[in-house]
Amino acid sequence: MTQAAALSVEGLGISLSGRQILKDVKFQVAPGEFCALIGANGSGKTTLLKAIVGLVKPDSGRITVDVDGSGGTSVGYVPQKISLDPHLPLRARDVVMLGLDGARLGLPLPSSARDARVEEMLQAVGAGDFAERRVGLLSGGQQQRILVAHALVRRPRLLLLDEPLASLDVRSVAEIVALLRRLSLQYGTAILLSAHDMNPLLPVMDRIVYLASCCAVSGKADEVVRTEVLSRLYGYHVDVVRVHGRVVVIAAHEPEEIRAALARDPVHTAEIP
Amino acid sequence: MGVLGLIFAPGFLSNGPVHTALLVGGGAAVVGAVVGVFTVMRGQSFAGHALADVSSAGGSASFLLGLNPLVGFLGMAALAAGVMEWADVRDARERDLLTGVMLGAGLGLTALFLYFASVTGSASGAAITVLFGSMFTIPASIVPAALALAGVALAVIAAIYRPLLLSAVSEDLAQAQGTRVRLIGLAHGWALALAVSLSAMTVGAILSTALLIGPAAAGLRLADRPGRSLALAVLIGLLATWGGILLAYDSYDWTPGHGWPVSFFIVVLVFIAYLLAALLARVRARGVSLRAVHPSGCGQD
Amino acid sequence: MFGSFMTNAWIVATMVAITAGIVGFFVVVRRAAFAAHVLPLGAFPGAAAASLLGVNELLGIIAFSALGVLGISQLQRWERREVATALWLAVALALGTLFLSMTRRYSQGVYALLFGEVFGIRSALIAPVAVLGAIAIAVTLLLYRPLLLDSLSPELGEAAGTGRGRIELAFLAVLALCTATALPVVGALMVFSLMVGPASAARFLTDRPLLALTLSVVLSLATVWSAIALSYLSNWPVGFFVGVLGGVSYAAGRLRHRGGPAHVR
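Which chain is which? The protein sequence lines are A, B and C, in order. Here my numbering is used: the first sequence runs in plain steps of one and ends on residue 288. Here my numbering is used: the second sequence runs in plain steps of one and ends on residue 1135. Here my numbering is used: the third sequence runs in plain steps of one and ends on residue 850.
Hints are computed from structural coordinates only; laboratory data are not their basis. Please read these numbers as outputs of a predicted model, since none were measured by experiment. A virtual CB, placed ideally from N, CA and C, is assigned to each residue, including glycine. Warning: the hint list may mix true and false statements.
Unchecked claim - In silico contact screen, one side only, chain B against chain C (beta carbon under 10 Å); selected entries:
1) Ser879
2) Ser952
3) Thr954
4) Thr971
5) Ala989
6) Ala1044
To be verified - Listed next, the stretches of chain A that the computed footprint assigns to chain B, with coverage defined by at least 3 CB atoms under 8 Å from CB atoms of chain B:
7) 94 to 107
8) 120 to 126
Use the sequences and the hints to build the structure in full.
And the structure:
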């Protein structure tokens, strides 16, 4: 390793109300790297991210976030399933502004430097068109962009996103993924993004951290996204296939129960004209 | 002068109790509106109302003991706010119930103190005064203390303005930026206690909810920015309070012998303002959606 | 304590306790403590208005309870639930203040309506309380499953065909009925304590809904009976004991299950 890692997790163990959530988790994310955190529901993805932000105290192990001497928190964070209340009198712009100075005491004074930074970030996430609208009334994809801008406006070295793609439609998913890749290149921010499905991330991710109940595995994307490695992690056979120059992960065979159910009650696919 | 004479009944501007009412009522309205905006945003309207009611236990206790009513109202409200934040209930259902149970216990205490007051005969009609307020009987000596407390509440809110906004958006986001969310909650709780005890003394414990929630709800409907919502809420609260005082004073001429209650007029004015705001917001929303459907339909032809 | 002049108090208070215990279970499940507080409190101006007009007090209470249901559900279309509830409360109480100012002699009546006057209940009150209470219980039990489903998730309820908002309206109506039953007896503020205290404590004891409902009724009865007995012995107001006992049973439940019921943790 020639450069200090943006994030380094060593021997991390966390238990919440007596239940062991994470055990001996170890991985590193290099500066500017796009890293996917994959795991089934309940595998501890949210807890891991919260521990990195500092919302959950680890029982053992060490989390080191590279601070570039600018001081303050250098981690941006987009929590899971955050629903912005339509009754809040906040424009999209206000939420991004709070990303910059939301912890400061006292009333905000007018500042052109701050406004310029907020404006730049709004443009960077493509939110220029709805910056003045009430944030609770925006669509899910638009809110996601605003939350990304909120997290990025302080130029953190590391951006954490908890299931940002859940409950978005296919097109919004592709847009957000492309946006994140672009921002990470533009600002040199390392990204750690949790998801339960890795397919939308395959074109952009450099590294993958897989959380299973037994252990955490991490590696370069092209080392892990292989039929034999993934099949072992998932516990059933999956195929890594190349279609139209893209990589797709699919379950090669339906699990036993589904096959049995289909045999009993076959699916009739309608003809699409 | 003729028109002014019609609006302001003779003596309104030179009447001592009226001055006191205008000052204390105005202070209560401003603080109520400012704190109320954050209370509504944080989804704590019930807690706000409960604090006001619980503070009436303190009010009735001070009647009984002959203390300054401000001490009683404020002490009880601050105590209750502390308990609510100390219990640290994140789950919405649990918070709802905790508030409810505390409210029940607080009202029980009110009943007891009022009973004692009626037995000892120390204050007749204490129930009415404590629960429904009496704007025109506020002693002038209370004005400096009341205004100072109003100032303290406003200063607290100004100090935690941004963390308060951010934690209304999401506590996780606020915490991720290093804000101590519980501390912010406690500070807001105490500002709320100050606000409700001030208005409990003026419009009465069970009506102070109107000053807390009404102008705030109207302000939140009308503006998309926090600063403007606050300004509008303050404006509505002040106008309603002063207008209510004026109308109540004038009403002595309408029904000879006794005037109509101040709190009635204040609440009616607040509610009218809210209805207008809701109506305006609806009309505006419809305008937006029409424009969205017909992008060119801006009246160019 | 059990003399003939107390008989009515025991009978009526028992009926009120059963009704409040059953309705209270859903107040807790549906997170409706605020509405349970506001409907009774907002109905007392009805009694004041009735005395102004010289009609039966109960009619005024029923009328204002119904107005409350309509007012809250109308405001809910524009506003968050709690804000709508608070706004209705303000309006109702403003009217109450006005009516009170018109009848000076009503001051003692206010105290009774707010905090209750269990002793000296007239026999004529027993029949209407019994009928109203029975209707409230019947409607609640009839709606038992839709109410539970809708509380769990309004979307699930709608999918099962309960209709958006209809369940909330029905529930508010049940609350109003319970209000009308209890208001003349235990007073506005104590109806509320009776609906929230026992039911929230019952929930700490079991995870099964029907058992919780039963326990809620049992605790409610225990609360009311001991409150009446204590009040009789000490001469202190019944409302004080109901409120404090509610608080004590909730605190005991919470201490037993630190931080909330088992499923909340």
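Unmet hints by their number, sorted upward, for this structure: Hints 3, 4, 5 are the ones this structure does not satisfy, whereas the remaining hints hold.
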